[in-house]
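> Here's the letter readout for the chains.
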Amino acid sequence: MKNKMAYPLEEISAFAGAVLVGDKEKIITGLNTLENAIDEDISFLSNKAYESLLATTSAGCVILLPDKQDFFVGNKLVTENPYYAFAKVSELFSTLAAASGEVHASVVFGSSCQIASDVDIGANVVIGANVTIGRGTTIYAGCYIGDNTTIGENVIFYPNACVYGNTFVGDNTIIHSQVVIGSDGFGFAPVRDSRGSWQKVYQLGGVDIGCNVEIGAGTTIDRGVLDNTVIADGVKLDNQIQIAHNVRIGENTAVAACTGIAGSTTIGKRCTIAGAVGIIGHLTITDDVHITAMTLVTKSIGQPGSYSSGTPMNRTETWRKNAARFNHLDSIVRKL
Amino acid sequence: MKNKMAYPLEEISAFAGAVLVGDKEKIITGLNTLENAIDEDISFLSNKAYESLLATTSAGCVILLPDKQDFFVGNKLVTENPYYAFAKVSELFSTLAAASGEVHASVVFGSSCQIASDVDIGANVVIGANVTIGRGTTIYAGCYIGDNTTIGENVIFYPNACVYGNTFVGDNTIIHSQVVIGSDGFGFAPVRDSRGSWQKVYQLGGVDIGCNVEIGAGTTIDRGVLDNTVIADGVKLDNQIQIAHNVRIGENTAVAACTGIAGSTTIGKRCTIAGAVGIIGHLTITDDVHITAMTLVTKSIGQPGSYSSGTPMNRTETWRKNAARFNHLDSIVRKL
Amino acid sequence: MKNKMAYPLEEISAFAGAVLVGDKEKIITGLNTLENAIDEDISFLSNKAYESLLATTSAGCVILLPDKQDFFVGNKLVTENPYYAFAKVSELFSTLAAASGEVHASVVFGSSCQIASDVDIGANVVIGANVTIGRGTTIYAGCYIGDNTTIGENVIFYPNACVYGNTFVGDNTIIHSQVVIGSDGFGFAPVRDSRGSWQKVYQLGGVDIGCNVEIGAGTTIDRGVLDNTVIADGVKLDNQIQIAHNVRIGENTAVAACTGIAGSTTIGKRCTIAGAVGIIGHLTITDDVHITAMTLVTKSIGQPGSYSSGTPMNRTETWRKNAARFNHLDSIVRKL
Chain X
202 MKNKMAYPLE
212 EISAFAGAVL
222 VGDKEKIITG
232 LNTLENAIDE
242 DISFLSNKAY
252 ESLLATTSAG
262 CVILLPDKQD
272 FFVGNKLVTE
282 NPYYAFAKVS
292 ELFSTLAAAS
302 GEVHASVVFG
312 SSCQIASDVD
322 IGANVVIGAN
332 VTIGRGTTIY
342 AGCYIGDNTT
352 IGENVIFYPN
362 ACVYGNTFVG
372 DNTIIHSQVV
382 IGSDGFGFAP
392 VRDSRGSWQK
402 VYQLGGVDIG
412 CNVEIGAGTT
422 IDRGVLDNTV
432 IADGVKLDNQ
442 IQIAHNVRIG
452 ENTAVAACTG
462 IAGSTTIGKR
472 CTIAGAVGII
482 GHLTITDDVH
492 ITAMTLVTKS
502 IGQPGSYSSG
512 TPMNRTETWR
522 KNAARFNHLD
532 SIVRKL
Chain P
202 MKNKMAYPLE
212 EISAFAGAVL
222 VGDKEKIITG
232 LNTLENAIDE
242 DISFLSNKAY
252 ESLLATTSAG
262 CVILLPDKQD
272 FFVGNKLVTE
282 NPYYAFAKVS
292 ELFSTLAAAS
302 GEVHASVVFG
312 SSCQIASDVD
322 IGANVVIGAN
332 VTIGRGTTIY
342 AGCYIGDNTT
352 IGENVIFYPN
362 ACVYGNTFVG
372 DNTIIHSQVV
382 IGSDGFGFAP
392 VRDSRGSWQK
402 VYQLGGVDIG
412 CNVEIGAGTT
422 IDRGVLDNTV
432 IADGVKLDNQ
442 IQIAHNVRIG
452 ENTAVAACTG
462 IAGSTTIGKR
472 CTIAGAVGII
482 GHLTITDDVH
492 ITAMTLVTKS
502 IGQPGSYSSG
512 TPMNRTETWR
522 KNAARFNHLD
532 SIVRKL
Chain D
202 MKNKMAYPLE
212 EISAFAGAVL
222 VGDKEKIITG
232 LNTLENAIDE
242 DISFLSNKAY
252 ESLLATTSAG
262 CVILLPDKQD
272 FFVGNKLVTE
282 NPYYAFAKVS
292 ELFSTLAAAS
302 GEVHASVVFG
312 SSCQIASDVD
322 IGANVVIGAN
332 VTIGRGTTIY
342 AGCYIGDNTT
352 IGENVIFYPN
362 ACVYGNTFVG
372 DNTIIHSQVV
382 IGSDGFGFAP
392 VRDSRGSWQK
402 VYQLGGVDIG
412 CNVEIGAGTT
422 IDRGVLDNTV
432 IADGVKLDNQ
442 IQIAHNVRIG
452 ENTAVAACTG
462 IAGSTTIGKR
472 CTIAGAVGII
482 GHLTITDDVH
492 ITAMTLVTKS
502 IGQPGSYSSG
512 TPMNRTETWR
522 KNAARFNHLD
532 SIVRKL
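Residue numbers (my numbering), protein chains in the order written: chain X, 202 to 537; chain P, 202 to 537; chain D, 202 to 537.
With the rest of the complex left out, here is chain X:
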């Protein structure tokens, strides 16, 4: 059903799991915002702030909550979860093509690879020895897939992503451009000489990545020192995230961009970690924890809930006065 780019509303409502109120045969050719939609487009209302646009939108159909349906006179898809229905519909209008079995002539294979027959592999991809790739997977140009890597079915690797090797990638996982998987963790032993030099700890582990994972552009995931680094099923990682060696991230946890997680930290299931968060090493964070943007997590978290650190933004002039007081806070309080 995908990629036709013209669907009757009946088909869309079935795919989205929503109740159609209106013309079953109405043909929809696009998805757009309430503001920009034309009569051939479907749109959605999931944020109350845009409710007034229901009166003026030109959309040919709107996805909305049951208690909003009276505010829109046209065709509608009614559902308790409009944002989810919108997400489903977005899949219908995606231009991603299914893999067709094209392997570019320039692709380099190592020994003993097992590649399913319908896999697409783009120009200049380099694949090591003992690599297995499941059916329906697409590997775009310029990727590097190192030795002893197993890639599941319907996986996508976008251009120039790299896997060092000894990695498992589950089905339906998406890996974006410039991602690095399996790089050396940051492990060095002090030599205890006068120059302060370091002895490298060679990294002997691998990386396990589950099914339905997404890994954003420029994110780096180091392999384990001895065991594996683990990204469980359904984990969503945004761009430019750093995952150090032996980190373990639980099922369906989502991590926003620019966050760094230091070595051997374990994060539970269904957590949401906002952007630019830092989490130091060797911590355990339980399930259902939420961390707000730019928080530094320096101790384990045993209770679900939301956690934060930092100070509020202010005019620099005002902030500077408050910050100067912070620098003497202990002595100020002692004097009280």
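These are calculated hints, taken from the structure and not from any lab test. Since this is a predicted model, take the numbers as computed values, not measurements. Check the hints yourself; a few may be wrong.
If chains are identical, the list can't say which one is meant, so a pair holds when it fits in one copy or spans any two.
Said to hold, decoys possible - Straight-line Cα separation of at most 25 Å, BS3-like style, residue types lysine-lysine; simulated pairs: (1) LYS269 to LYS225; (2) LYS249 to LYS500; (3) LYS536 to LYS522; (4) LYS401 to LYS470.
The hints should help you fit chains P and D onto chain X, whose structure is shown.
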């Protein structure tokens, strides 16, 4: 006039827009600091801290402010904006070669591309379908330019940069290595099942990048969900910046390294955002706003000016005592 | 001795510089944690928290401190620095192969290159003009090494790393995937027109990288404006670090992931900079300084020791109340 690497001072002064006081025919072959310059070099004074070096420098010419000219006895270029004149002169000594029309034999082209005749394209570049590239543009080795991308004139893509597709890049724009443009934004709808799983929101928009933009190494720019992500003319982005889907950055705004800007935030013109700043999503920041390093911006900014968050650095021992008090600040104040 | 993957304990103890107590001829085939080790594995105790595992581990040998040897009845390697001995042993079990002189047919060389005979160069590597590569060096697939670059002996470049050019890389240095070396620094002069436009400062310097340096995946190092950016011998840089133009980092300093160092800052020897630290430009940090995670360094540091900024993490609800007070801290203190 570029790349000759030997210029009479008269030519340099005209190019830099500064007034020459001294020998018009003096030949200059390099640009250097006051400390390291030799007699064949031109140098500059734009920071008062280095003023005393005017007495000792061996430079064959110095760019300086009118009120500094009495402190240097040699040839000088006098201007109200010495740093700008220095920047102009730096162009004269850059070794960047003009594009010459060389397309490496290994380059892969999709269908219906329109490539100007004098474009340089390096080894292993992969270009999708319906790509247009304007005259004088250079695309270095290993880049990926996806379908439906239009690249203007005199653009540079450094090695291994990636464009997913549906992107417009204006004239004279510079894109550094490992940049990713057009990756999927971080959009997922909660399925509301017991496992906390996510439904991907397929990203259907593109990216518009203006003229005279520079995008630093490793920076990632996601494409829009439905509309486009927009980087206006003259914007300067440093390395390892994250720009989420549907962000809009106004003309001539400069953003320093490691900053992350979350989805749908709009930033005005002529702003300067320092390094490691975090800006959360769906905000509006007006023109002429300045954000200091590592600030977290959590609300819209309607007034020009400078904004900050965070606490000052201190000895860890002292900091720890103050930070412990911060953790009880509300109850301390309530007791007063 | 490397890569045999089966060593008698006598050989291991000599390589690790530790005293063997036990069976010299015992064959060891792997390295593992106390928890997971089997009888053919060697393990180690360097963290007191795992001491109780000495009673239950199945390891065929344990590396430990002299005062711990009575707690383990099997074979042991006794040393004052067990973590260092473990690191040495990790090298024995690394699967890194020595370079063998294979240069893939697709490699592109510029003019006047000098490549040692036993260098390995992977598929699709592009090497510019006047590049020198020393013996034993490995350059993996997809790397770009620009003009006028000198690479020492036994260096490793992992896939898709980029060097713009004018770079020196010392012996035994390791450069991970997606690293960028020599990109343009972020230098722009205000034109002082009404639109706030910028004149690019062309970057004319290079990058000097010492021996025994490691540079993590996705790290970016800009070349100098006029002089060089300098990374001294033994420096260890983790993933996704940003090093701006003309930064100088002293011998054996280690920097953790996601840290950014702004232009012209000089850092001393034997410093440790934790993750997600920001260091602004034009500072001088002396030797033996330690910076804790996510600290913003805004002034020079003349005394060794540990430095921090930020506030502790708390429940968001509690944090918010304290943070609100911070925003009025100066006026609160004035009223006291």
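> Can you list which hints this structure breaks, lowest number first?
The structure conflicts with no hint, since it agrees with every one listed earlier.
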